[in-house]
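Engineer: Spelled out from the first residue to the last, the chains are:
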Amino acid sequence: MRESIINIAYLVASILFIFGLKGLAHPRTAVRGNLIGAVGMLIAVLVTMIDQSIISFEMIIIGIVVGSAIGAIMAIKIPMTGMPQLVAIFNGFGGGASLFVAGAALLEANITGSATGTQMTVATAISGIIGAVTFWGSLVAFCKLQEVVVSGNPVQFPGQHVLNILVLLAAIGLGAWIVVDPSAVSTYWYMVAVASLLGILLVIPIGGADMPVVVALLNSYSGLAAAATGFVLNNNGLIIAGSLVGASGLILTTIMCKAMNRSLANVMFAGVGGEVVGGAQKGAEIYEGKIKSTSAEELAMVLEGAQRVMIVPGYGMAVAQAQHPVRDLYNLLEERGIKVEFAVHPVAGRMPGHMNVLLAEADIPYDKLLEMEQANSEMGDVDVSIVLGANDVVNPVARTDPTSPIAGMPIIDVDKSKTVVVIKRSLSPGFAGIPNPLFAADNTLMYFGDGKKAIVDLNAAIKEG
Amino acid sequence: MDIFVISLTIFALSIFVGFEVITKVPPTLHTPLMSGSNAISGITLIGALISAGAQHSTVTTVLGLCAVIFATINVVGGFLVTHRMLKMFQRK
Numbered sequence: 001m002r003e004s005i006i007n008i009a010y011l012v013a014s015i016l017f018i019f020g021l022k023g024l025a026h027p028r029t030a031v032r033g034n035l036i037g038a039v040g041m042l043i044a045v046l047v048t049m050i051d052q053s054i055i056s057f058e059m060i061i062i063g064i065v066v067g068s069a070i071g072a073i074m075a076i077k078i079p080m081t082g083m084p085q086l087v088a089i090f091n092g093f094g095g096g097a098s099l100f101v102a103g104a105a106l107l108e109a110n111i112t113g114s115a116t117g118t119q120m121t122v123a124t125a126i127s128g129i130i131g132a133v134t135f136w137g138s139l140v141a142f143c144k145l146q147e148v149v150v151s152g153n154p155v156q157f158p159g160q161h162v163l164n165i166l167v168l169l170a171a172i173g174l175g176a177w178i179v180v181d182p183s184a185v186s187t188y189w190y191m192v193a194v195a196s197l198l199g200i201l202l203v204i205p206i207g208g209a210d211m212p213v214v215v216a217l218l219n220s221y222s223g224l225a226a227a228a229t230g231f232v233l234n235n236n237g238l239i240i241a242g243s244l245v246g247a248s249g250l251i252l253t254t255i256m257c258k259a260m261n262r263s264l265a266n267v268m269f270a271g272v273g274g275e276v277v278g279g280a281q282k283g284a285e286i287y288e289g290k291i292k293s294t295s296a297e298e299l300a301m302v303l304e305g306a307q308r309v310m311i312v313p314g315y316g317m318a319v320a321q322a323q324h325p326v327r328d329l330y331n332l333l334e335e336r337g338i339k340v341e342f343a344v345h346p347v348a349g350r351m352p353g354h355m356n357v358l359l360a361e362a363d364i365p366y367d368k369l370l371e372m373e374q375a376n377s378e379m380g381d382v383d384v385s386i387v388l389g390a391n392d393v394v395n396p397v398a399r400t401d402p403t404s405p406i407a408g409m410p411i412i413d414v415d416k417s418k419t420v421v422v423i424k425r426s427l428s429p430g431f432a433g434i435p436n437p438l439f440a441a442d443n444t445l446m447y448f449g450d451g452k453k454a455i456v457d458l459n460a461a462i463k464e465g
Numbered sequence: 001m002d003i004f005v006i007s008l009t010i011f012a013l014s015i016f017v018g019f020e021v022i023t024k025v026p027p028t029l030h031t032p033l034m035s036g037s038n039a040i041s042g043i044t045l046i047g048a049l050i051s052a053g054a055q056h057s058t059v060t061t062v063l064g065l066c067a068v069i070f071a072t073i074n075v076v077g078g079f080l081v082t083h084r085m086l087k088m089f090q091r092k
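Line order of the protein sequences matches chains A and B. Counted from 1, the first sequence has number 187 at position 187 by my numbering; the numbering is strictly sequential. Counted from 1, the second sequence has number 15 at position 15 by my numbering; the numbering is strictly sequential.
Honestly, I wouldn't trust all of these hints.
Unchecked claim - With a straight-line cut-off of 30 Å between C-alpha atoms, the simulated BS3-like cross-links for lysine-lysine are:
1) A:Lys258 / B:Lys24
2) A:Lys453 / A:Lys290
3) B:Lys87 / A:Lys339
4) A:Lys368 / A:Lys339
5) A:Lys453 / A:Lys292
6) A:Lys258 / A:Lys22
7) A:Lys463 / A:Lys418
8) B:Lys24 / A:Lys339
9) A:Lys22 / B:Lys87
10) A:Lys292 / A:Lys463
11) A:Lys368 / A:Lys463
12) A:Lys368 / B:Lys87
13) B:Lys24 / A:Lys22
14) A:Lys416 / A:Lys290
15) A:Lys258 / A:Lys368
16) B:Lys87 / A:Lys453
17) A:Lys368 / B:Lys24
18) A:Lys453 / A:Lys418
19) A:Lys463 / A:Lys339
20) A:Lys463 / A:Lys416
21) A:Lys77 / B:Lys87
Hints are computed from structural coordinates only; laboratory data are not their basis.
Work out the full structure: start from the sequences and follow the hints.
Structural biologist: Written out as structure tokens, the structure reads:
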């Protein structure tokens, strides 16, 4: 009876999770959706407390108080620019929790002498491996995004792929050992240690601009680890919620890969983002004598004659924290009757939706943020496009040169607008390490400087003019 | 029916429900989607509560406690930060 009540409550929680995620389909309903999801979680947690195997609440209360305090502080203190790191580390905690629960379940089964069937042991091994990979992979991703301990650039060494495969096989081998001999509890922890190494090795070679894919993939893993733990405990609540999240992460991963025209294998293993040999020299040839530099005053005049402006933000805007001056620019131009919109590339920034969050923080209405396809279909009518801290995602080489590392990647076609303004510190290449002929195009003006200062100066010039 | 088959059925169908629901989320909300779904994956908390409360041995209790802390960070932090972000989108 008690067990039925618990399971029905888990069903209710699962339905609330689905409604919650459905609410995220529109900014208007999203806040409510998130709250519905939280209510589902609260129901699941409260009803679990009546489970008859719980005999003491001491540890539970300590754990919940400590966890809530840490989680709340992190969630409230983090600036919006630090969001990629936070999402990465939260994924890791989910994976870590799963590996602890699976480990505890295996030990418990051995102590109480309850059945350790094949389903339980296989699921324990899977939960331990995915959990450890998620935890350590997320930790490395966090360090790369925060730029502490590990370099944000790809870290590569010879024999890397062979080593990865050997480590993976070792983890699977130890997992198989647990299935054959469930009494070997210590083997579980050896397996977790090996899988931890795998998590580190898998994320270390991945460069900064490929982080959206990694963060989405780890998001998916954290869900799959929870689902696997559900199979360990025969708990439907875990299976349903975990697989919803697993599916969500997989969709985002696919979207990110498509937006770069690369396969998941290429993102994970190719180590893109290192030095491209001769890149600088090739850049000099392309740029020589063709770069037109502009000033804030000149730019203010160009904008005054415009009717439609498209702003294309990239990771540089996040680094310079230029979103608030950009909002001022948006307001200034709108006041003068100029239509201003934003074109957001799916992989701009360091995680899916990164630019949207920053612009929302700066109070830009979300209906002004255009998706790539829509922005491109309207680019012919745009008088001035302003590229702010983006590079590879506006590089026309992706369309024209099939041998380029970004060949076939969908880009925002700013070169089709009447005038292009590129705000950038220098002519240095973007993440792909290749020169950008857009900078040398006839209709392009380069406005050199730090993103934030450049926009502030531009705003001042517009006010004066 | 074998309990494993039942679990597997639930797993497979949930994946499809996930695909259907998530495909409708617009790119502008992809970050809150990640943090919000991540909070949901903190559902491991309910398994952790049982480990921490059952007290089969000191080791399982400590593992359970660690799991409760990790999962609670995930749940509380995840829903909270998602709420913070979504509020910004709602302002208009």
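Engineer: Next, verify each hint and record whether it holds.
Structural biologist: Hint-by-hint comparison with the structure:
1. A:Lys258 / B:Lys24: holds (17 Å)
2. A:Lys453 / A:Lys290: holds (25 Å)
3. B:Lys87 / A:Lys339: holds (25 Å)
4. A:Lys368 / A:Lys339: holds (10 Å)
5. A:Lys453 / A:Lys292: holds (20 Å)
6. A:Lys258 / A:Lys22: Between lysine 258 of chain A and lysine 22 of chain A the Cα gap is close to 24 Å, so the pair holds against 30 Å.
7. A:Lys463 / A:Lys418: holds (24 Å)
8. B:Lys24 / A:Lys339: The given pair, whose Cα atoms are some 28 Å apart, holds under the 30 Å limit.
9. A:Lys22 / B:Lys87: Holds, at roughly 17 Å.
10. A:Lys292 / A:Lys463: Satisfied, since the Cα-Cα distance of roughly 24 Å is no more than 30 Å.
11. A:Lys368 / A:Lys463: The given pair, whose Cα atoms are some 23 Å apart, holds under the 30 Å limit.
12. A:Lys368 / B:Lys87: holds (17 Å)
13. B:Lys24 / A:Lys22: Since the Cα atoms of lysine 24 of chain B and lysine 22 of chain A sit roughly 8 Å apart, the hinted pair holds (cutoff 30 Å).
14. A:Lys416 / A:Lys290: holds (18 Å)
15. A:Lys258 / A:Lys368: Distance of about 24 Å is within 30 Å: holds.
16. B:Lys87 / A:Lys453: holds (28 Å)
17. A:Lys368 / B:Lys24: Given pair lysine 368 of chain A, lysine 24 of chain B holds - Cα atoms ~19 Å apart, limit 30 Å.
18. A:Lys453 / A:Lys418: holds (25 Å)
19. A:Lys463 / A:Lys339: holds (17 Å)
20. A:Lys463 / A:Lys416: Within the cut-off at roughly 28 Å; holds.
21. A:Lys77 / B:Lys87: holds (16 Å)
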